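S.K.: Got chain A; can you put chain B on it based on the hints?
Chains as they are written, first to last, in the working numbering: chain A, 125 to 449; chain B, 96 to 445.
Treat each hint with caution, since some may be false.
No farther apart than 30 Å at their CA atoms in a straight line, the calculated lysine-lysine pairs in the DSS-like style are these [what the hints assert, rightly or not]: (1) A:Lys170 x B:Lys253; (2) B:Lys419 x B:Lys141; (3) B:Lys141 x B:Lys411; (4) A:Lys302 x A:Lys143; (5) B:Lys253 x A:Lys143.
Treat the hints as calculated values from the structure; they're not laboratory data. Predicted model, so just to flag it, every value in this text is computed and none were measured.
Each chain, letter by letter, is given below.
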Amino acid sequence: MSSITYLEAIRLAQQRALKEDPRVFIYGQDVGVFGGAFKATKNLSKEFPGRVLDAPISEDAMVGLAIGAAVEGMRPIVEMQFADFSTCGFNQIVNQAATLHYRTGIPCPIVVRLPSGGTPGSGPFHSQSMEAIYAHYPGLVVMTPATVEDAYTMLLEAVALEDPVIFCEHKFLYYHLKAESLPATVGEALPFGKARIARPGRDATIVAYSAMVHEALAAAEELIQDGYDIEVVDLRTVRPIDTDTILASVARTGRLLVVGEAWPWGGVAAEVISRVATEGFGLLDAPPQRLNAKETPVPYHPALWGTHRPTASSVANSLRQLLEL
Amino acid sequence: MPAAKSPKTKRSQIKSSQGNSADTAARELLRRAYRTMLEARLLEEKLAALYRSGKIVGGVFLGRGQEALSVALGVHLRRGDIYAPLIRDQAGRLAFGDTILDTLRTYLGSSLGSMRGRDGNIHRGRPSEGYHAMISHLGAMVSTVCGGLVAKRFRGEKSAVGATCIGEGGTSTGSFHEGMNMAAVENLPLVVVVANNQYSYSTPNDRQFACSDLLSKATGYGVVGHRATGNDLLDCLGVIGEAVAAARRGEGPQLVVADLLRLVGHGEHDDASYIPEAMKKSPLGRDCLELARQSLIEREWLSKEEAVSWHEAVEKEVEETSSKVLREPPPDPAEEDWNAFASPSLGRNL
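Just chain A, with the same shape it has in the complex (with noise of 0.2 Å):
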C-alpha cells in the first residue's frame, strides 16, 4: 500500500538530518510543538529537544540567523511558511548567503524550505513559484523536487551541501503524491544536480520539473492515443541545470516544449530553450516552445487558477501544436 506523502518525506528527510547531523536545527514560524503550518516538523521538536525552534514573524532575521549560525559551524533549516513570504527576507538570501563564500571564502550551508507553487483556492500571495527569482542569483543551489523519493533525498543533499540551497516544495505535491518507501542512500540513483528522464520517448521533449513534470506525463500519456511518443525530462535541480541531459533528449526528438508553473518572462524555461538554441541549434527540427503561467498575479478562484497554471490538457495541446510544427 502506498503510504509516505511527498509532506511525509521531507518531514522524514529533516527526522534523518536532526538525528544523523548534530549541527542540524530547524527554523521557521510554527514549527515547534505545533509541528508547521503544513505539518512538515511535526513531533520534531519533542524528538529533538531545542532543536526546532519556533521564530518570530521575520523572514529576514529567520534567514539572518541562519547565515551567522552557519558561518560557526551549523547546519540550519530555515521553514518559509509559504514560498511567497519569502520575498521578505530576501535580502539576506540574495545579499548575505548567495555572496558570502565568493567575498569571503567561508561556505554558508544553509537550506530555505519554500513551500512553493499554487493550490485551488490560495490566491496571489500563498501560490508563487519563486525558483527563478533565486537561481538568478549566482551563488545559490534552487532544488525543485517532483517525486516523493526526490523530495526526501535531495532534502538530505541539500543539508550536506556547502552552498545556500533553496528547496522548492510544491504544496499541490505534499498530500496527492505517494510513495511506498523511501530510498534509503541519498544520491544513488541520480548525482546531486542530474535530470532525469521520467519518460523516454522519441517524438518531442518535455522539460518541467516540480509539479509539472506530473501535468508533462499525463500529456505524454494523452499523446499516445494520437501515435506519438514523448520524452519527459525533471530538472530536479533548476540550478545547476543539467544541459546536458537536455541537450541529449532534444538530439533524439527534436522537438522541445518547456513546461513550468512559474511566469514565463526571464525564467527557467526561459533559461532552458536559450541554452538548447545556443548550443544545441542544429539538433532542432521545430523552433522551441514554452508553456508557463499566464501573466497575472496567480488568481483565487479554482475556476481561474486551474486556467492560469499549465495542466495535463493544455501541456497536451502545446504539444499537438509543437508536432504540428
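M.R.: Just chain B now, kept in the frame of chain A:
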C-alpha cells in the same frame, strides 16, 4: 519574557585616581584605545589621500569623529566573540584584530587581502574568526550576529558575546527591528551600538524618526538600554564595557545609543555641507581624538612627548604599509575561477 527594562544611563566606570591594579588596567585600556583611535584616524587620512589621488576606486567611508565610540566596543571584545562592524568602525575593527595592512589591501584591491579584490573598502572581514564582513544593506548584520550566538549556544559555549554597530538611520530598517526583536526573544548576549551622528547621509534626524529618544527603542524591544556620550572616550569605554559585561553575564541584549557627529562627509565624495556650522561648533562637534588625548595627558597617563612619538610611529607604519600594498599584485581576471559556489562538485557546470 521579562518585563521591559527601562533604559538607564551608565556613567564612566573609569576613575582617575592612581595606585592600584584596577587603575593600572584602566590606564592600559585607555592608552590602548587611544592608540587604536590614532591608528584609525591616520590610516583613514591616508585612505582619503589615496582616494583623492585616484589610487582607490569606488568609495572611501571614514569614521572621523566616531573613533571613540567605535574603539570602545572593539577593545571590550575578545577572541571567541563575534563582531560585525559597520561603515564607520575602522577603530573598532583594529581593536578587534583587523590590521592596517589588510585595510589597505582591501581598499587598494590587492589580491593578497582578505577580500582578494572581490569586495572592497568597508566590506571586509574574516567570518571564520568571528569578524563578519558587512553587506551594504543596513540592519542585516544584526540577525547574522544573532545566528552566530545561537550556534555558540548550541555548542554550549558560554560567555561569548556578539556585537554590531549601526547608525541612527539604520534603526529605521526592518532588518534592524527584526534582528533586535529576535535577539530579545532568544535572550542572546548581543550588544548593538547605535552611533546617532544626526545625519543619515544628508537626511537629518527629524526626517528619520519621530521618537524623542532613540534609546526608548530599548524599552520597546525589552532589552537593556545604555546611553553614552559619543565623543567622550572615557564615557564610551565605561558604558560599553558595562553593556558587554552584562551581555557576557547572560543578561540578554544590550542597546547602546550615543550622540555624536561625523566630522567628515558620508564618503569622501561628500562635503557634508548640509551639516550646519552651529552644530559643528556645538559640543557634539568636538573631536573625540583630541579630547581623548587631552584626557590622557591630564591624567598623566600619556606624556606629550609620547603622544608625538605615537603619532610619528603610526604615520610611519601607515606610510610604509601603503607603499608596500601599492606594489602588490591586483587580482588577475584570468586566474579567477569565476565560481560563486563552495561545493567542488558544482564547479562551472551551471
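S.K.: Looking back at the hints listed earlier, which ones does the structure fail to meet?
M.R.: none
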